[in-house]
Amino acid sequence: MANGPQSRTVDVARALRDAGLTALIAFGLFLPLIGFQTVQDVSNTLILRTRWPLLVSVVAVIAIARFLYALLVVPRLKERALKPAAAPAPWRAAVGKWFVPFAIGFVVVYPVIVVFASGLGGAVKWIDNFGIQILIYIMLGWGLNIVVGLAGLLDLGYVAFYAVGSYSYALLAKAFGLSFWILLPLAGCLASFWGILLGFPVLRLRGDYLAIVTLAFGEIVRLVLINFVDLTNGYAGITSIPRPTFFGIPFNADDDGFAAVFHLEFSPIYRTIFLYYVILALALLTACVTVRLRRLPVGRAWEALREDEIACRSLGINTTNTKLTAFAMGAMFAGFAGSFFAARQGFISPDSFTFLESASILSIVVLGGMGSQIGVAIAAIVMIGGTEIMRELDFLKQIFGQTFDPTQYRMLLFGFAMVLIMIWRPRGLISTRTPSVFLKERKVISSDLVGQGHG
Amino acid sequence: MGGNGDILLKVEHLRMRFGGLVAIDDVSFEARQGDITALIGPNGAGKTTVFNCITGFYKPSGGRLGLRHGAATAWDGLETLTDNGKRSLARADGALYLLERMPDYLVTQQARVARTFQNIRLFPGMTVLENLLVAQHNRLMLASGYTLLGVLGFPSYAKAERAAIENARQWLDRVGLLARADDPAGDLPYGAQRRLEIARAMCTEPVLLCLDEPAAGLNPRESAELNALLLSIRDAHGISILLIEHDMSVVMEISDHVVVLDYGVKIADGAPDAVRNDEKVIAAYLGVADEDVEKVEAEVGL
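Read top to bottom, the protein sequences are chains Z and S. Quick note, in the numbering used here, the first sequence goes up one by one and the last residue is 455. Quick note, in the numbering used here, the second sequence goes up one by one and the last residue is 302.
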């Protein structure tokens, strides 16, 4: 531009004005929050103290950040807005095509890579905390995705079915000594039975009302678990739940244990790797069944229900049954995940099934993009993996002092990530819908057209 | 013109009350097999309420809605069915259904009455093809063994789905939307959405097709195409059509039988030409009392 230097000074002036205004707002906001502090002195009276240096430094940081943003980022955003939208690069299509097989291949060989990278001892943490933990949430996310993403029914009490699965396994395994592989389907059936039980009263409800009732259902299940002490042992939970065996061979240090039978040195890693593959198989089962269901009439009816319930009824679809199958199917996968959870931990208590748990599963589904399985998996990796990663950030202690615990800031970062996602991708990471069937070519459907359901 | 076939739908003393408001008061009419029956009347006359009663979306406060499948002699069982309190009666020569006893989805599934809506109700986020497959839900559900066989990948479902897609393709061809089969339904222009909604209703294989203002918002060319489509549905498939319409060019051109409602009461019933010249109908449309019709007509120069 010919008037380059001049526009540059205009930019700087505008950025300065912008920064000054922001500083003023920050000062007004933080003056009562940071500037004043009430403390108790020795005689137990409250005295007001001022913290000017802290206030000034916070305001200064905000002002400088705003100045740099206005000077450097804003012009670039404007430039980008003026440019015509470029066609998606061909590499993106290639990535989209190869992403799923590559990702599945990676998760299959992940334990092997970890064992080679960090040895038998160090690998337990990586497989357990990162592998198994994330896969449980991916599976829960995919299960909830059926109810929320496909059928459009907002369920805030999903963790109740997870709890039903866990307690079914724990109680039945302890009382009757049945094996994990018998109880796994049984736990799924029981959970889906409870799903139908919840489904019946809430069939007529939509939107906010449905959300509130499912929330209450989740709390009821948790409170029953706490108060039905004879059966569930209340707050203390159930301990020493039988662990799964490798086709009858237990993972212990005995002579007939896994390590001895296969002539290996005993290590807890074998059980961890076994559990990893079990949950991987369960998660892949969930994904495959969901992909299949989407192409079946019941899956299309779920999506149609999300789009327009009245039109569904006019086409002869029994919406009652359709909603119930969605609840039952979602609950069944939660039941599978729950019984796996109980078998893996060996200990369960009502503390594992709080509302916070439902909320994080739901936020995984929402952040990932309702209805998108890849999106949900990515969101679960970021959210759960991110939480776990924070435990590893010991170097931060060197910066912020020994009392600093990064995991305490988990929820803050969660909230921050959520705000960012909602600004940039209001319909989640992957918001487009892929049609279940096509005549000539499969075109993805933009999120503007896809309904979000009315609850 | 369609032949004046046997009675397919019998509406008798239909009454619908919403609290203190009587929306329909003692309306009786008949729709014949292979006929296009038009239901007309000024705004608020209760036409859509009649539709909602027939298709099970409302439960009528009183009256009887009988529908026949098979031979005309099936009507003989009407009193038996009314007395035994059941929803339907299967006979050797056909079947009878009492629509006021059925919930909305069974009206489509069993009695095979399909409908469209005044404000289009497609599934906008699903493709045109998917919309038509959802309409064939019940047949496909059976083929997929209520999902069980389908999940396990039995070939019977794949075969049924291919047949359903073929059926959908034929309907798309009929309504001229084959090229847009893989586009989301919400992306279609208004006229195409109307045609798609009709095609979707036809995919449920109805014996009676109820169309709520199919020509609303269409330009003259589109409504001429709509006329041709409705006539071909009637003639090629022998399907009876019941339609609500304000566009008189559609009503007078294609309907075999016109029923006029005003304030929830039937004021005329007969062939289009007879209805057109009916004093009461003209009075209702002009919004004046019967005796003032001539005066008003003189004023507006009719």
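Simulated from the structure, these hints should not be mistaken for lab results. Among the hints, a few may not be true.
Derived Cβ-Cβ restraints for the label pairs, each shown as a range [to be verified]:
#1 Trp181/Z <-> Gly153/S: 21 to 27 Å
#2 Ser61/S <-> Ala417/Z: 26 to 32 Å
#3 Val229/Z <-> Thr80/S: 58 to 64 Å
#4 Asp26/S <-> Ala216/Z: 42 to 48 Å
#5 Gly96/Z <-> Asn219/S: 56 to 62 Å
#6 Gly153/S <-> Trp91/Z: 29 to 35 Å
#7 Gly153/S <-> Ala417/Z: 21 to 27 Å
#8 Ile310/Z <-> Asn219/S: 57 to 63 Å
#9 Arg410/Z <-> Gly20/S: 32 to 38 Å
#10 Lys97/Z <-> Ser61/S: 55 to 61 Å
#11 His237/S <-> Trp181/Z: 50 to 56 Å
#12 Gln118/S <-> Phe200/Z: 52 to 58 Å
#13 Gly153/S <-> Ala253/Z: 42 to 48 Å
#14 Ser156/S <-> Arg410/Z: 49 to 55 Å
In silico lysine-lysine, DSSO-like type, Cα no more than 27 Å apart, as pairs [what the hints assert, rightly or not]:
#15 Lys159/S <-> Lys443/Z
#16 Lys443/Z <-> Lys97/Z
#17 Lys440/Z <-> Lys97/Z
#18 Lys295/S <-> Lys10/S
#19 Lys159/S <-> Lys440/Z
#20 Lys86/S <-> Lys59/S
Backbone N, C-alpha and C fix where the C-beta goes; we use that ideal spot for every residue, glycine too.
Right, here's what the structure says about each hint:
1. Trp181/Z <-> Gly153/S: 21 to 27 Å: Holds: the Cβ-Cβ distance is about 23 Å, inside 21 to 27 Å.
2. Ser61/S <-> Ala417/Z: 26 to 32 Å: violated (55 Å)
3. Val229/Z <-> Thr80/S: 58 to 64 Å: Once the Cβ atoms are compared, 60 Å apart, the range 58 to 64 Å for Thr80/S and Val229/Z holds.
4. Asp26/S <-> Ala216/Z: 42 to 48 Å: Given about 46 Å between the Cβ atoms, the range holds.
5. Gly96/Z <-> Asn219/S: 56 to 62 Å: Since the Cβ atoms of Gly96/Z and Asn219/S sit about 41 Å apart, the hinted range of 56 to 62 Å is violated.
6. Gly153/S <-> Trp91/Z: 29 to 35 Å: With Cβ atoms ~34 Å apart, the hint holds.
7. Gly153/S <-> Ala417/Z: 21 to 27 Å: violated (39 Å)
8. Ile310/Z <-> Asn219/S: 57 to 63 Å: With Cβ atoms ~27 Å apart, the hint is violated.
9. Arg410/Z <-> Gly20/S: 32 to 38 Å: Since Arg410/Z and Gly20/S have Cβ atoms about 58 Å apart, the given range 32 to 38 Å is violated.
10. Lys97/Z <-> Ser61/S: 55 to 61 Å: holds (59 Å)
11. His237/S <-> Trp181/Z: 50 to 56 Å: Given about 54 Å between the Cβ atoms, the range holds.
12. Gln118/S <-> Phe200/Z: 52 to 58 Å: Distance hint for Gln118/S, Phe200/Z is violated at roughly 32 Å.
13. Gly153/S <-> Ala253/Z: 42 to 48 Å: holds (43 Å)
14. Ser156/S <-> Arg410/Z: 49 to 55 Å: For Arg410/Z against Ser156/S, whose Cβ atoms are near 50 Å apart, the range 49 to 55 Å holds.
15. Lys159/S <-> Lys443/Z: It holds: about 24 Å lies between the C-alpha atoms, which stays within 27 Å.
16. Lys443/Z <-> Lys97/Z: Cα-Cα ~14 Å, so holds.
17. Lys440/Z <-> Lys97/Z: holds (18 Å)
18. Lys295/S <-> Lys10/S: Given pair Lys295/S, Lys10/S is violated - Cα atoms ~38 Å apart, limit 27 Å.
19. Lys159/S <-> Lys440/Z: Holds, at about 18 Å.
20. Lys86/S <-> Lys59/S: With Cα atoms ~15 Å apart, Lys86/S and Lys59/S stay inside 27 Å; holds.
Hint compliance for this structure: hints 2, 5, 7, 8, 9, 12 and 18 are not met, and every other hint is.
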